[in-house]
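> Residues per chain, in single letters:
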Amino acid sequence: MIEGAVWRRWVFFRLPMAIFLIFLLFPFYWMIITTFRPDGELYIPWYRANYKPFWTWNPTTAHLKYLFGETTFLIWMWNTTFIAVVATAISLFCGVLAGYALSRLNFRGAALLGTTIFITYLVPQTLLFIPLSEIIRTYSLGDTPWSLILSYPTFLIPFCTWLMMGYFKSVPKELEECARIDGAARWQAMLYIIIPVAVPGILSAMIFAFTLSWNEFIYALVFLSSPEQKTVPVGVISELVRGDVFFWGPLMAGALFGSIPVAIAYSFFVEQYVSGVTGSVKG
Amino acid sequence: MSNVTIRQVHKHYADFHAVKGVSLEIKDKEFVVLVGPSGCGKTTTLRMVAGLETISEGDIMIGNKIVNELPPMDRDIAMVFQNYALYPHMTVYDNMAFGLKMRKFDKAEIARRVNNAADILDIKDHLTRKPRMLSGGQRQRVALGRAIVRNPKVFLFDEPLSNLDAKLRVQMRVEIKKLHQRLATTSIYVTHDQVEAMTLGDRVVVMKDGLIQQVGEPLELYNNPANRYVAGFIGSPAMNFADTMIEEVGGAVYATNPTMRIRVPEQIAARMGPHKGKPATLGIRPEDLHMASGADPEDLSFEAVVEVAEQLGAEIILDLKAGGSAMVASVEPTVKVKPQQKIRLGINPAGLRFFDATTEAAI
Ligand SMILES: Nc1ncnc2c1ncn2[C@@H]1O[C@H](COP(=O)(O)OP(=O)(O)O)[C@@H](O)[C@H]1O
Ligand SMILES: [Mg+2]
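Chains as they are written, first to last, in the working numbering: chain A, 1 to 283; chain B, 1 to 363.
None of these hints come from the bench; they were simulated from the model.
No experiment lies behind these values; they were computed from the predicted model shown.
Hints should not be assumed to be uniformly reliable.
[Stated by the list, open to error] Below, a list of computed lysine-lysine pairs in the BS3-like style, where the Cα atoms sit at most 25 Å apart:
(1) B/Lys153 to A/Lys173
(2) B/Lys124 to B/Lys177
(3) B/Lys29 to B/Lys65
(4) B/Lys167 to B/Lys177
(5) B/Lys130 to A/Lys173
(6) B/Lys27 to B/Lys65
(7) B/Lys65 to B/Lys153
(8) B/Lys27 to B/Lys177
(9) B/Lys101 to A/Lys173
(10) B/Lys153 to B/Lys101
(11) A/Lys169 to B/Lys130
(12) B/Lys130 to B/Lys101
Given the sequences, and given the hints that come with them, work out the whole structure.
Here you go:
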C-alpha cells in the first residue's frame, strides 16, 4: 500500500489499478454484451449514426437459443469437463508423488532428473503434437476423449511435479522426521503429515492443471474430428466460424459459458491458491 | 535398561568429515548434554542416534542392542526439535496422540496418556487448539508432551530452547530439569549454550570440530578442564589466558612474561618437569582474581589497567589490559575504580591452571 497524502494514493495506486482492471475485464464485458446483442446491431458498420458499441437497448436470447439448441455445446461442455477432470487427476497424482520423491528422497541424480522433467515441459506443443498424433493413431485413440486424457499429462505432469517440488521443499523436513520417529512409515508420514500440510500447493497445482487442460487448443484440434467429440475451445471455433463468416453472438455466448467453470474453480480456491503460490508453512 | 553406547562413530558427508570418531557411554536414566560451538557435529551425532542420518563408521547401541540399521520408528526414542516440528494441521491433542495412534494404542489409553502429559506440562486448556494459535513457550511444551506420551527409552533434544526469549529459556530449562527428575528417562541434550549444559547435565560432553574434548560432570569440567579449549568454553565470563615462560629459580617454579611473574603452586610445579624453559599458557578465571592488598605476595599478583568497569550489583566485571593481553576480573561490588586507572590484581593460587603451549592440554 502506498503511504502518504490522498492524492498520492490516487495517482500511484487507485488510478493505475483501475486502468489495469478495465483493461483486464473489458474482454469479458465485450463477451457479455455481444452475447445479448441482436444480429441487427452486431453487423452495422462503425460509421453509422446509431452505432452504439458499448450498450444495447434490445437484448435478445436468440444467440443463447442457437448455441444450446442448434449446436452440440452442452456435449462439448461435458467432453471438456470429463477430459479436464481426468487429465488433472492423473497429472496431480503423478505430480505429487514425483514432486515428493524429487524433493525428499536424496537418490542419485535427483537434481538432474528434476531439470530433465522441467526441460520436457519446455518442448513446445506445436512440435510435440506430430509424434503424439502418430502414437494416437497407432493405438487407435483418435477422435476419443482418451487421446486428450493421455496427451495432456505430457505437459501437465512436468508442470505439477515442478510446482509440488517447490512446495514440498518449503515444508520443514523435521515434520516428516518427527513423524517417522513417532512410528510412521515413510508412506504414512507422507499421507498423514506431508500431504495435508501441502494442501494449498496441491490445490494450486490442481487449478493450474485444470485450467490448462480446459483451455487447451492444439491437441484438441488435431486429435478430435467429429462435432460430438469436441471440446469447447475447438467446438466453438470450428462450428461457429464457417469459412469467413463469424457467428459472433453464439461465439461469444460459447466463450462466456466456457469460461464460467474455470472462474468458479478459481474463486472457490482463491485463498488456498494464493498461499500455495506464495508457499509458506508455519509449524 | 536404556543405556546408550556410541562407539567410534564417524560421519562423512559427501565431502565433509563432520564427526570424527566419537565414543560415549550414557548410563540408564542419565541426562547427558552435548555442547560445543555451531558446526561441531552435535546435531549430526544426535541424528545418528535417532536414525535420521546413516552412520558412516562405528556402532550405536540402545539398551545393549546395535541399532545402526534400525529405522527411527523401531529405536523407541523421542526427539524434540529446535523448530518444534509440530504438525500444523493437527490440534494439540492430535499432535500428542499421533505417535500412539501410529503404534496402535487403544483410544482410552491414548486419552489417558495425553491428558496425563497435558497435566504435567500445564497445557490442558489448549488441547483443542492448533499449534499456530500457541505462544513459543506453549509450543515447546506441546513438543515435550509429544515426546513423553510414548514413554520411550531415550529422549533426544536438539537445541530445544534456542527459539525462545531469554526469560522463557530459563523457565523452560527448569521445566525440563523437573521433567527429567520426575520421569528419569535417559536423555541426550544438544546445545551450544554452556550455561544450559552446566545447569541441565548430569554429565557434559564438550565437542569441537567433530571430536569430543572432554566428558565429565559440570563441576569437573569447570575445575579441571582437560585442555585450553574446554577451559575457555566452560564458565562465564570466560577464563583469562596469558602466554608465559616456565622458569625455575632457586627451587621454585615461575610463569613469567613482561607483565607478570607468577609462582606456580607446588602441586602443579611437581608436574612442570618437562615444561621448564618452555612456553606455557597460564589460565585464571575472572572469579579467582581480586583487588590486591598488602597481604598479597608479589609473585601472586600483577598490574593491569582498567578499561571498563561493569557494575552488576553482586559483583563488578572489570575489563583490563595487562601488558598486551586483555583480561577480565570479577571483583567485590564495593570496589571503586576509574577507567585508565592502574591497579594491582591478586590471584587465588587454587585457581591457577596451566596448558601446554603447543598441544593445549592441561598440565
Ligand atoms: N546434510 C549435510 N551435508 C553436508 N554437510 C553437512 C550436512 N549436515 C551437516 N553438515 C555439516 O556438518 C557439520 C556439523 O553439523 P551439525 O552436526 O549440524 O553441527 P552442530 O554442532 O551445529 O549441530 C557442519 O559443518 C555442517 O555444515
Ligand atoms: Mg545443531
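> Could you run down the list of hints and mark each one as holding or not?
These are the hints, each one checked on the structure:
1. Restraint check: the Cα-Cα separation between B/Lys153 and A/Lys173 comes to about 24 Å, which is no more than 25 Å; the hinted pair holds.
2. Proximity of B/Lys124 to B/Lys177 is assessed by CA-CA distance (about 21 Å); at most 25 Å being required, the pair is judged to hold.
3. Proposed proximity of B/Lys29 and B/Lys65 is supported: the alpha carbons are some 17 Å apart, at most 25 Å.
4. Under the criterion of a C-alpha separation no larger than 25 Å, the hint pairing B/Lys167 with B/Lys177 is consistent with the structure, at around 16 Å.
5. With a C-alpha separation of about 19 Å, the suggested pairing of B/Lys130 with A/Lys173 holds against the 25 Å cut-off.
6. A hinted pair counts as satisfied when its Cα atoms are at most 25 Å apart, and B/Lys27 with B/Lys65 qualifies at roughly 14 Å.
7. Under the criterion of a C-alpha separation no larger than 25 Å, the hint pairing B/Lys65 with B/Lys153 is consistent with the structure, at around 12 Å.
8. Between B/Lys27 and B/Lys177 the alpha-carbon distance is near 17 Å, which keeps this suggested pair within the 25 Å criterion.
9. Only pairs whose Cα atoms come within 25 Å are accepted, and B/Lys101 paired with A/Lys173 is accepted, the gap being roughly 21 Å.
10. The suggested pairing of B/Lys153 with B/Lys101 holds, with an alpha-carbon distance near 18 Å, which does not exceed 25 Å.
11. About 22 Å separates the Cα atoms of A/Lys169 and B/Lys130, which keeps this hinted pair within 25 Å; it holds.
12. Distance restraint check for B/Lys130 and B/Lys101: the Cα-Cα separation of roughly 18 Å lies within the 25 Å cut-off, and the hinted pair is therefore satisfied.
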